[in-house]
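Take the given structure of chain Y and dock chain Z to it, following the hints.
Chains Y and Z, in that order, are what the protein sequence lines are.
So the first sequence is numbered by our numbering: it starts at 1 and just counts up by one.
So the second sequence is numbered by our numbering: it starts at 1 and just counts up by one.
Since the hints were derived computationally from the structure, they do not count as laboratory data.
Do not take every clue at face value.
Stated by the list, open to error - What follows is a list of derived Cβ distance ranges for each label pair:
1) N45(Y) - E48(Z): 16 to 22 Å
2) A304(Y) - G111(Z): 52 to 58 Å
3) A35(Z) - P80(Y): 25 to 31 Å
4) N39(Z) - G219(Y): 39 to 45 Å
5) P80(Y) - K3(Z): 51 to 57 Å
Just so we're clear, the structure is a prediction, and the values are computed from it rather than from any experiment.
For each residue, glycine too, the CB sits at the ideal point set by N, CA and C.
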Amino acid sequence: MLSKRIVAIRPLSSSTAASFQHKNQILNKFNQPQKDLETPLELANQSTLPKTQPKLLKKEPRQPTSKNPFLSDHKIENDPNYKMSGLMQSIGQLVIKIFSIDMDKTRAGPVAGSLYYGECKKQALYYPNEPLSDTAKFYYETLNLPRSFSQWFQITNLHYWILSVRMRAMPFKYGKNYQQKLVDRFFRDMELRMAQELNISSNRIIEGYLKDYHTQMLGSIVSFDEGLMTDDITLAGALWRNVFNGNPDVDMRHVEALVGYVRSQLYVLNKMSDREFGFGKFKFVPPNEVVKPLTKAQEEELRAKVKAEFDSHNLPSQRSVLSLDE
Amino acid sequence: MTKHTEIAEKIVALLKTLPKDRISHYASFKEVQLARFQNKEHLAAISEQDLMLQYISLRDLVNDKYKNYYKLDDKLLKPKGNPEYYNRLLGQLKGEKKESFWTAVRTVAFGK
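So here's chain Y without its partners, still in its complex pose (with noise of 0.2 Å):
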């Protein structure tokens, strides 16, 4: 009853509730234990508010017309299955081990510029007469936001501030590297769509999108970081004006499951280690499904686990500074 009272004072106040129950330890025990959370998908589905979308633009939005390679047609990227030849491994890493070619700044390339980016354009990646994934339901069906490039374009950035928030807690020279290589390719990977399947032919067009793209990059995650480091109601108007266009009559639980969504992922980029992040192994957490917080144990037991995968990474290029602790 007691820390009912609390949490319904709190919006008088500049302090989070959190850190005023933990202090009180005489509190503590009227403290009712924490109740698991929705997925994102359940929370967003609870609401019946009629789906409206605020009319931004004149006319209807070019939607593309042919389909590119997801992300190249390189048999490196487009072919999951493929593996390099026995020889060539061999060469690699004797001329890896020759030169001592630091191997964490060149792992930036493939796994920033490609796995990465790839993880973050599928989320909301849509094409018309063909069935949306998962992911692209969640945002496009019950969010319901307008399926457009521009909208594609703010799910991507808003992944891409996630993934750059645990690239900055990287060693400088490393996160500095990631970053760079993945929104390289992001902007790469726009401009080549609005060329081929969105069908703009003209090049100076394409460079204006571009510089109004990065423009509303630099803005939005100013307004992220702002969020982040503040309250969950400044991350919500940042989504509020970024994802959800600013839409007057938004759905409040929508913009709730969002702000839920993100902080789960930017949970679980916490509790990886440098080097877990930087070989690859980050995934995002899919709308319909609930990170739970980690006890201490399993947080410990993971750790182990991850040394031990590691330990047996002997070879030239998996050669690692990046911590295996933090």
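Just chain Z now, with coordinates in the frame of chain Y:
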């Protein structure tokens, strides 16, 4: 007073406690939502159940439900690659610190 009006009033009271945006954006979440939930015609179209859910969601967001449930360590909040990144950003947003010409040159040259 009906339950419907009561919930709407609670939402408006909650929205009024939100601080002003630190920098002006193309739209203010607080202002736009205040106008929405003060519009009686608009509210009439929302069922009581949905209005309650809108209130619960807003209340959870204001109470930092997710920030407290998914607690982050200093690992992300004071990133070792750039420990002052968020302090500088928030300092600027709050108007406490201002980037001078030389600190801006340093940021561009060294990236932090």
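Hint by hint, here is what the structure shows:
no. : hint                          : verdict
1   : N45(Y) - E48(Z): 16 to 22 Å   : 19 Å, holds
2   : A304(Y) - G111(Z): 52 to 58 Å : 35 Å, violated
3   : A35(Z) - P80(Y): 25 to 31 Å   : 50 Å, violated
4   : N39(Z) - G219(Y): 39 to 45 Å  : 29 Å, violated
5   : P80(Y) - K3(Z): 51 to 57 Å    : 55 Å, holds
Hints 2, 3, 4 from the earlier list are contradicted by this structure; the remaining hints agree with it.
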